[in-house]
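Engineer: So you can see what is in the structure, the chains are spelled out below.
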Amino acid sequence: MIPRHFQITIGLVLLAILASGLVILRLTHQEEAKTLQAAETGSVSPVVMGKQERINLLLAYDEDKALRWRPAELFLPSERGLRAKEMLRAVLAQYVQNPSPHPLSQGADIRDVYFIGKDTLIVDTTAQFADGHPSGILLEEMTLASLIETVSVNVPGIAKVKFLVEGKERETLAGHADLMSFYQTAAVHEMAGEFE
Amino acid sequence: MKLAMLLCCTLAFSNAAPEQQLTVYSAQLTYSLPVLDRDGKTYISVTDLLSPLGATPPHVKGKEWRVQLNNSEIRLTEGREKAVLHNGPLDLGGKVLVEDNRLLMPAVAAAPVLNALLKTSVDFHQPSRRIFIGNTVTRFAASFKDGGRPSLTLNFSQPVKPNFSHDEAQGVLWTRTDRTMLVFEKDPLVADTNKQEFGNGPIQSLAFTEENGTASLTITGNARLDIVRSEDGKTIVLQPAAPAAMVSPANTPPGGAASEAQKRAQEFFVMIDPSHGGYDKGASFGGKLLEKEITLKLGRVLKKELDEREIPSRMLRDSDVDIPLDRRAEITNEQHAGLYIALHAGRPGRDVRVYAPLVSNPQPLVAGRFVPWESAQTAFQERSRLAALTIANELEKQGISVARLGVSLRPLNNVASPGVIVELSPEGDDVQSLESPKRQTGVAAAIASAVAQFRSQPGARQ
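Order-wise, the sequence lines are chains P and D. Using my numbering, the first residue of the first sequence is number 1, and each one after it goes up by one. Using my numbering, the first residue of the second sequence is number 1, and each one after it goes up by one.
To be clear, the hints were calculated from the coordinates, so they are not data collected in a lab. Take the hints with a grain of salt, since some may be wrong.
Examples of chain D residues lying across from chain P (beta carbon under 7 Å, computed) [said to hold, decoys possible]:
#	residue
1	Gly282
2	His344
3	Gly346
4	Arg347
5	Pro348
6	Gly349
7	Glu396
8	Ile400
9	Val402
10	Leu405
11	Gly406
12	Val407
13	Arg410
Quick list of in silico lysine-lysine cross-link-like pairs, DSBU-like style, CA-CA up to 30 Å [said to hold, decoys possible]:
#	chain 1	residue 1	chain 2	residue 2
14	D	Lys397	D	Lys304
15	P	Lys118	P	Lys51
16	P	Lys168	D	Lys161
17	P	Lys168	D	Lys397
18	P	Lys65	D	Lys61
19	D	Lys41	D	Lys145
20	D	Lys297	P	Lys162
21	D	Lys438	P	Lys65
22	D	Lys195	D	Lys119
23	P	Lys65	D	Lys186
24	D	Lys186	D	Lys119
25	D	Lys145	D	Lys397
26	D	Lys288	D	Lys438
27	P	Lys65	D	Lys82
28	D	Lys297	D	Lys186
29	D	Lys288	D	Lys145
30	D	Lys288	P	Lys162
31	D	Lys119	P	Lys65
32	D	Lys41	D	Lys234
33	D	Lys161	D	Lys82
34	D	Lys234	D	Lys288
35	D	Lys234	D	Lys281
36	D	Lys63	D	Lys41
37	P	Lys168	D	Lys63
38	P	Lys168	D	Lys119
39	D	Lys161	D	Lys95
40	D	Lys304	D	Lys438
Where is the CB? At the ideal position from N, CA and C, for every residue including glycine.
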């Protein structure tokens with residue numbers, strides 16, 4: 001004969017296990033739902049504090065040799081430079097994932113972004129961005145056009161963009177696209193239009 | 001008698017062999033130190049070698065000498081053949097000597113000692129006794145232009161200050177003989193090629209030599225040469241002094257040199273630029289096929305197609321050489337090309353892409369003013385677009401899939417003549433199609449037909 005208090009204790013323990021299982025199951029479903037939603041909207045996890053905003057990124061699609069606008073949910077700070085940096089990082093994040101519409105090597109990222117005056121944006125990239133970039137006029141131009149056009153459309157007032165690699169100037173991205181010049185966003189807009 | 005003795009002394013002095021020396025080139029300074037012969041071996045003073053680089057004065061204890069440089073110490077002991085460094089013993093290739101309170105070591109040990117103390121790469125050209133610390137080298141490219149008044153342009157990667165055997169007046173230098181020697185005592189000049197030949201005219205050859213701690217360029221020919229050095233010290237141009245003395249009568253073409261030069265300047269020709277070359281391999285296809293090889297092959301096929309249509313053309317490179325982007329534009333501009341065509345190869349595949357220039361920051365042209373280098377293409381954009389359209393149409397006529405785009409790319413934007421870029425891409429995943437003679441000939445034939453049409457349009461030089 002099992003004592004009554006022992007029966008009650010076992011019953012409570014079983015009840016607690018059942019409740020815990022239900023909670024864990026629900027949390028798992030919630031996480032899966034979040035992941036799916038993020039994948040669908042191209043959401044990028046916040047790196048810096050900011051408000052979640054929906055913006056358009058201009059992405060390169062090698063298969064079609066085209067640039068296309070795609071919506072994305074990003075956490076964007078209020079400061080212009082930080083906003084620009086997050087947008088550029090979001091574009092590159094799309095390229096380094098697998099599968100990618102425009103594959104770039106892992107580690108391709110933005111180190112820093114800052115303004116010279118009000119209208120000139122300097123974009124400092126990681127070494128992997130240039131070292132691992134596939135070589136070819138079209139591929140290199142599509143990368144730069146997608147970055148410049150995304151940032152110039154979403155951050156008003158940018159007239160010129162200049163790229164650095166690990167804080168230094170480099171002749172070309174991967175043998176073709178010029179990294180020595182300051183890109184005029186108006187000219188890039190014209191060029192990007194031909195790819196859209 | 002006294003006069004004869006004085007003359008003999010003067011001759012003896014002037015003919016005396018130059019002092020034997022070793023030269024060290026570093027990013028901060030260049031210096032030379034004397035070398036001494038001891039029992040058939042070349043020796044140098046340790047202090048002479050290390051002091052200019054910031055080494056401490058030697059600390060002497062008995063037979064042992066200690067010198068510190070760059071937070072490292074070297075210990076040398078008189079009579080021993082090994083030095084002691086932070087990372088262990090170092091073979092010096094001969095005994096350490098002490099003479100007149102000076103510490104001497106074999107010259108061959110200079111490079112390993114510097115390498116160990118400075119912890120950087122050191123390149124020692126032993127026969128010429130020249131030591132290069134780090135990447136301190138100056139390279140040069142020679143460009144020979146034939147014609148009415150031939151010229152040899154030397155472009156250096158860093159400013160240089162050679163000594164000439166010359167008289168100097170108002171920045172223009174000239175030589176007095178048919179042999180011009182530029183001696184680079186302080187410049188870390190190196191060469192990829194030791195000799196280049198240019199024919200039998202006023203400028204016949206260029207030779208690079210290095211000995212006794214200096215480098216020299218010797219230009220031979222059959223005329224006195226003017227030497228013009230650019231303000232930034234990075235370019236030296238050598239030309240025959242005067243048209244009358246330029247070409248020997250036997251070599252003078254009918255009609256005279258001046259008319260030949262004028263004819264050449266007015267002649268329409270296509271400058272074919274097979275992109276990349278040398279160390280610049282461009283894109284790689286499947287790890288074996290390189291863009292620089294594809295563009296060179298395509299360039300040669302295009303030249304053949306143009307020749308068949310009697311359209312003059314010149315290859316910007318016809319071998320595996322690396323020509324900097326700016327230099328490609330300079331050569332094209334110096335020779336006044338009628339049309340510049342840069343050839344590339346790249347993914348993604350299936351079509352041929354024809355790019356017209358998009359000058360990012362076009363500058364309004366003002367008569368008599370210099371044109372900014374970045375936007376030298378501005379005045380030619382319209383004709384470049386026309387050339388791109390003509391080429392694209394002709395490719396389509398041949399059944400070749402084509403895309404026409406705009407691009408802001410060097411050196412196209414620095415070219416002061418109509419210019420286009422043609423990028424060949426593989427047929428799908430078949431990268432071998434890039435060097436298929438059938439595909440290359442098809443594309444080249446279409447381009448050549450388009451050039452023939454472009455040349456016949458108003459505005460093109462005939």
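Engineer: Quick check: which numbered hints come out false for this structure?
Structural biologist: Of the numbered hints given earlier, those the structure breaks are 6, 7, 8, 9, 17, 18, 19, 20, 22, 23, 25, 27, 28, 29, 30, 31, 32, 33, 34, 37, 39, listed in rising order.
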